[in-house]
Each structure stands twice: as structure tokens, then as C-alpha cells.
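The listed protein sequences derive, respectively, from chains A and B. For the first sequence, the residue numbers in this note's numbering are 1 to 579. For the second sequence, the residue numbers in this note's numbering are 1 to 159.
Since the hints were made in silico from the structure, they are not lab data. Quick reminder that beta carbons are idealized off the backbone N, C-alpha and C, glycines included. Be careful, since some hints might not be right.
[Claimed, not checked] The calculated lysine-lysine pairs, modelled on DSBU-like cross-linking and capped at a C-alpha distance of 30 Å, are: (1) A:Lys385 <-> A:Lys116; (2) B:Lys102 <-> A:Lys289; (3) B:Lys66 <-> A:Lys316; (4) B:Lys126 <-> A:Lys186; (5) A:Lys289 <-> B:Lys126; (6) A:Lys477 <-> B:Lys148; (7) B:Lys126 <-> A:Lys464; (8) A:Lys552 <-> A:Lys521; (9) A:Lys316 <-> A:Lys78; (10) A:Lys477 <-> A:Lys78; (11) A:Lys464 <-> B:Lys102; (12) B:Lys102 <-> B:Lys70; (13) A:Lys131 <-> A:Lys197; (14) A:Lys321 <-> A:Lys477; (15) A:Lys321 <-> A:Lys78; (16) B:Lys70 <-> A:Lys289.
[What the hints assert, rightly or not] Restraint-style ranges between C-beta atoms, simulated for each label pair: (17) A:Glu366 <-> B:Ser132: 54 to 60 Å; (18) B:Lys70 <-> A:Arg115: 52 to 58 Å; (19) A:Thr533 <-> B:Ser132: 48 to 54 Å; (20) A:His532 <-> B:Lys68: 45 to 51 Å; (21) A:Arg269 <-> B:Lys129: 38 to 44 Å; (22) B:Lys70 <-> A:Gly320: 23 to 29 Å.
[As the list claims (entries may be wrong)] So the derived list for chain A, only partly shown, Cβ under 8 Å to chain B, looks like this: (23) Arg246; (24) Gly255; (25) Ile466.
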Amino acid sequence: MSLTRREFLQVLAAAGAAGFSLPAIGGGHSGRGGTHVDPYEIPRFGNVSLLHYTDCHAQLLPVYFREPHINLGVGNMKGRPPHLVGHRFLEYYGIRPGTPEAYAFTYLDFVEAARKYGKVGGFAHLATLVKKLREQRPGALLLDGGDTWQGSATALWTNAQDMVDAQKLLGVDVMTPHWEMTYGAKRVREIVEKDFKGRIDFVAQNIVDNEWEELVFTPYVIREINGVPVAIIGQAFPYTPIANPRYMIPDWSFGIREDHMQEMVDEARGKGAQVVVVLSHNGMDVDLKMARRVTGIDAILGGHTHDAVPRPVLVKNAGGKTIVTNAGSNGKFLSVLDLDVKNGRVRDFRYHLLPVFSNLLEPDPEMAAHIEKVRAPYKDRLEEKLAVTDTLLYRRGNFNGTFDQIICEALMDELGAEIAFSPGFRWGTTLLPGDTITFEDVMTQTAITYPSTTVNNLTGARIKEILEDVADNLFNKDPYYQQGGDMVRVGGLTYTMDPTADIGHRIRDMELDGKPIRPDKTYVVAGWANVHTPLDTRPVWDVVASWLREQKVVSVEKVNTPRLVNVRGNPGIESPSPA
Amino acid sequence: MNIDIKRRTLLKGSVAAGVIGMAAGAGLVTPRMVLAAWPKSAFSATSVDAALKALFGSSDLTGSDKIKLKAPDIAENGAVVPVTVSVEGIDGVESISILAEKNANPLTSNYELADGTLPYIATRIKMGKTSSVIAVAKAGGRLYSTGKEVKVTIGGCGG
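This is chain A alone, in the form it adopts within the complex (with noise of 0.2 Å):
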């Protein structure tokens, strides 16, 4: 049982903590002293703000979700936000074990934590939080780092339509994409075009057409707040089609394209804009590299990687400093930044990432009659009891979470084979022991456009390149190279890898039941999300769903991930306390 509103603010009051006044960096302590009975009264700073939230992945109910233990930075960015995970982080932070925050913000306690504080998120809890900050703030803009439209059972049989809506409702003003590209060209273009026509701008300065490489989306739109004229630049996320099908948006090209974001900056500069925002989807590695090499950037308002930073990082560059965030993913946090603008430059700012705590927060009429008009008709399909699980289910983390190991042993049993590969996605919600498994927690985990299965004959070295690939998407040691992902999830096989090490030499010592891989053997290997070319084989929920049934109830005791070697002393990384 969950803190009543009450019980929850009392805990707020004992704490000693007027809000979720986590130290604002260049303000010092924001919040007030003395109790409050309002969390979310976040006093009002300077004259312009922003409202943000990203990667929601389409959660339109509150969810759990469980941030990583593992989430290693190499090289550079070894030790430094946002790699720095558990108890090093709320250390980093000044945040206080057990406390809200810290449920929040990390993985530790995490099954008590969840207990206690409830779920996070849910579009009806986010709409009346954004009202609540647009009140104390009039004239801010609501800005939506993409990722929306995918990630639930209803956004993909609605052709993204319920997100869409959502958005509208909850006043979005601006957004840049991802996975909204997934819904391919022609339905992205129907959106921005019909729905989205007066009411929200799609803006990406980074995607252009193969033939002529010109802009296909608005690059940035210049909004006045309060009168100072604020441009927003979109940025996509580069590597849209690497990452998903390129077939589904044949005609664009991406890319960083960082000139030409120096154009934009420039150009907007030249026509008055007083403050330069970047609203982005690069991922944080990417953004805080970004920072260094374009000047002129005020803030960079980032997403993709799903990290929740509470303090933004602030980057020196040629041309001044640039505040740059990440405000995590699922619709846990909404973030707010202050900005006192004065004689045409930013002179001071405020930043707040604000934990959306379901219990903490009354559903907007309005949105929850929208969410409930969406999944009316998917009901009995949605609620479909599959099994039940007696442990903790989360995706998120560098390697293996406990549900990709549900969805390896699924795709090995149902299509026979002796080796899995399952995506390193970042979304994915998190269930609690003894909760249900539905079909619909069966598609917050494997949701997408592209779900067919895959069975392929792979040789032994075949297998260590795609090992070998995916870790450079993710451990390269230039973040430019990056692609934001996790490590592919592996079922069967096991090896032990090096962080580290440049590509073709992390993967080592891999083996199946205790026997060495070898080069020039075929093995098995079941799989799903190809990316090269479409499929109409047996979808990646309907395998998992039909292992589930048959199971009834499962139990995730081991968790197929490598053996790290060079990770020792690596603040992205703890051992879980047992769930």
C-alpha cells in the first residue's frame, strides 16, 4: 500500500524540504524554509521559462520505473554525470537514502521505495502539473523532446493518434523526433501537417532530403516570452536511421550536421532571438560534446538517453557557457528552467527536474477522459492476465534487466533456437513482485512498427561482430560515435567484455553451456527489431505473450549479463542489493 497525498507531504515535512528543492546549481538552495503543503510550488524565477519532459515513450497511465545500476561512461566520461549511478549518484547530488528523490532518481530500494511512494508519471498527473507551473509562470512554453508517440500497445494500433491527442491536450508548444520516424515518412507528415498545423511545431534543423540535402522540418521557430524573443532548434536523434529502419523514411537523411546547428544559432542570433535554445534528442554524451564545439547555445534541453540529471552541467565554450540537461524518460519528471533574461542576454537561471509522483498529484479531468476514451476499445486485449511474476521486471541498464531475460528465454523456447538477441532499448516499464504480467506490460517492453522475429544461422564470428557493433554504439570512446542505446540483451550464450577496450577487442571468452564458441560454427539465433528489411514473421509480443501463458509464473533469479573486466572503481556501476 502506497502514502496517501497526505502521508506523502508528511514525509516531505519531516524531511525537512519545502518542494523537491534539490540544490539549483548557479541559485544555490531554491526551495523556502518552513513546511509548505505544496511540493510542486516551485518558486518563480527571472522572466522566461521552459517547461520540458522527454522519452515518455508513450505512457499515458502512472508506470514504475526503475533507473539503472549500471550505466558505465568511458574515457572522458567515466565517473562524470551522466554516468554515475546508486549511491555514488545521490552523493553527487547531496540527495538524502530513502527519500522521495532518491526513489526518483535511482535504483537503490527500489522495490520498498516503489511501495512506499507509488507510481511515477501518467499523462492525466503530468497535465495538471504543467497547468499548476504555467500558472506560477505565465508565458512559459512547453517543450516535448520526442520519443512520444511509441512505447504502448495503444499508441502503436492508434497509429500514434492517442499521443498525438495528448500532446495537444497537455499544450505542447514545440517537439523534436525519434521514434515518432517509425510511423514512417508519410504519417509523420500527415500529423506535422494536419494535426499539429497552428498548434505545435515540429522542428528539426538536422534532417534533409537525400537528393538535394535540403530541410525537410522547420529547423527552429523564435516564440516571444514575456517579450524576449526565445528560439528553440530542433535536433533529432542523428542516428535515426542506423538505429531503426531506414526504410521507413527513405528520403531523409540525419546526422549531427553540428555547422549547420551553427548556422541556426548564428542565423537566429542575427534575427533577434535573445535566447538560444536547443531542444534535443542527440543524447547527453552527445549534447555535452555539442556544448563544447557550437557557441552562441543558452541551454541545450536534452533527452534520448533517458538520463534523469537533477543539476544541468554547464559548458565552457568559445563563446560563453551553455546549460546542459537530460530530464529523463517515461513521463517521470517534468523539468523547469528559469531564466532571467536582461538587456538581451541571459544573465542568472534556475533548473529543477521535478519527479512526477502520481500520488503527489490529482489526474486532470480532461486527460484522463482522453486516456480512457483511447483504451475503451483495447480493453480486454490490454488487460489480458498472462502470468504472475515473483520478482522485480525492469528492462533499463547497460546489459540485461530481468524482463529481457523473460523476453531471451521466450524467444529460445517458442522458436528454437540457442542463442537470443533482444534490443538494448532504454524503454521499457518496470513491475513489481507479485504484480500481473498483461499483455499490455507485455508491450511497454516490445511495442514497435518493426516486431518481427527472426531465426538466423550466424557463424561464431558473425556473432562477435554484432557483439563487437553494438558495444562501439555504446562504449566508443567519442560520444560522436555513439548512438545511445544499451548493450544488445543476449540469452544462451555468455562472454566477458571490456568497456574499455576500442572495438573488436571488448568481446572475449564467449561461450554456450560452458563451451567456447567457435569462429566457424553455426549457431541458432533467435531474434526481433531487424532493421533491414520488412517481415511479416510472428511478432516479437505474441512470443512472449504465448511463453507467459504457459509459464504462469515466473521467476528471474539470474540475469544473463557479461563479465566486466576494467569497470572496478567506475562510479556507473553497483551491485544491487538483492530485490
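Following the hints, position chain B against chain A.
Structure of chain B alone, referenced to chain A:
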């Protein structure tokens, strides 16, 4: 927008040259006929050094930040990797060559520029695997170069 229109006009102007390319593709004329001095040994060379020697008689490269090489960090499609090379601040550029170090035959293209031609090349190259892409500009008997790593990946598993 003006620049785009100009660029289009420029590219349309190059259609004439494209026709020769198409004829070559259709087997009507061989590349050897189109380019009198087709440097076969340079294009079939299996290393950057050998290709440069065959093309220029030397493989001594001088690194220069006056050559701008634009290419993706990670290729979206190894079969058509967009590469742009421009030279600013070096007079009398006679040729621009683009090489992909790890390709079986590294020399992908060599553009000989007539006097007074703006040294600007935008093209697509094919890459078999992750490799350094090298742009070489010849001017005043010297070879100036710059390079950039372009990664070719299997794809998938992101997000």
C-alpha cells in the same frame, strides 16, 4: 534560398556530364574512352600509398586545415556515403581526390579541375567498412590533405 537555387542550377548544368556517365553505365562508352588518361593503376591500387603514388608519383601528404571535408560520423548507408570537399585559401587547386582507406581499392574518385574552377566537390562514395576518409587536394606540386573517420555499422539495437 538563393544559394539553393544557384546550387540547383549548378547541378543541372552538370547533367551534360552526367549523360556521359550514363552512357558509360550502359556500356556505350568505356570510362577509358571518356577520360583519355584513365589512371587505372591508381583506382585498382590496394593501399592509399600505392593509389597516391600511381596518381601523383608521390604519397607525401601535408595535413591542412584549409581543406574542409564533410562526411557523416556514422554512415546511414555504406553504399552511398555523402562526402563534400572544399578548399579555401590554397590557390591553383588542380585536383581533388577522395580515398576510403579500408576499401579494397581506396581511391574512390579523382576530380581534375580546370583553371579557375571553384574547388568544391559534393559526391557519394561507397564504403565497405569503418574507415578513415581522406581528401587530397593537389596544388603547386604539393599534396594537401585532411581526413575523418566514418563508421559503417550493422545498425539496429538503438534507442
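Take the shortest C-beta to C-beta distance between A:Gly255 and chain B; is it under 8 Å? holds (5 Å)
Measure nothing beyond the straight line between the CA atoms of A:Lys131 and A:Lys197; if it is 30 Å or shorter, mark the hint as holding. holds (22 Å)
Determine whether the Cβ-Cβ distance between A:Glu366 and B:Ser132 falls within the hinted range of 54 to 60 Å. Given a distance of about 56 Å, which is inside 54 to 60 Å, the answer is holds.
Given the hinted pair A:Lys464 and B:Lys102, is their alpha-carbon gap at most 30 Å? holds (20 Å)
Should the hint that A:His532 and B:Lys68 are 45 to 51 Å apart at their CB atoms be regarded as holding? Distance hint for A:His532, B:Lys68 is violated at roughly 33 Å.
Check whether the Cα positions of A:Lys385 and A:Lys116 lie no farther apart than 30 Å. holds (25 Å)
Return the status of the interface hint for A:Arg246: holds when the least beta-carbon distance to chain B is below 8 Å, violated otherwise. holds (6 Å)
For A:Thr533 and B:Ser132, compare the CB-CB distance with the range 48 to 54 Å and indicate the outcome. The hint (48 to 54 Å, Cβ to Cβ) is violated, given that A:Thr533 and B:Ser132 are roughly 30 Å apart.
Pairwise hint evaluation, A:Lys289 against B:Lys102, where the allowed Cα distance is 30 Å at most: holds (27 Å)
Pair hint A:Lys316 and A:Lys78, alpha-carbon separation not exceeding 30 Å: Given pair A:Lys316, A:Lys78 holds - Cα atoms ~19 Å apart, limit 30 Å.
Hint check: A:Lys477 vs B:Lys148, CA-CA at most 30 Å. Holds or violated? holds (16 Å)
Straight-line Cα separation of A:Lys477 and A:Lys78 no greater than 30 Å? The given pair, whose Cα atoms are some 10 Å apart, holds under the 30 Å limit.
Comparing the model with each earlier hint shows violations of hints 8, 19, 20; every other hint is respected.
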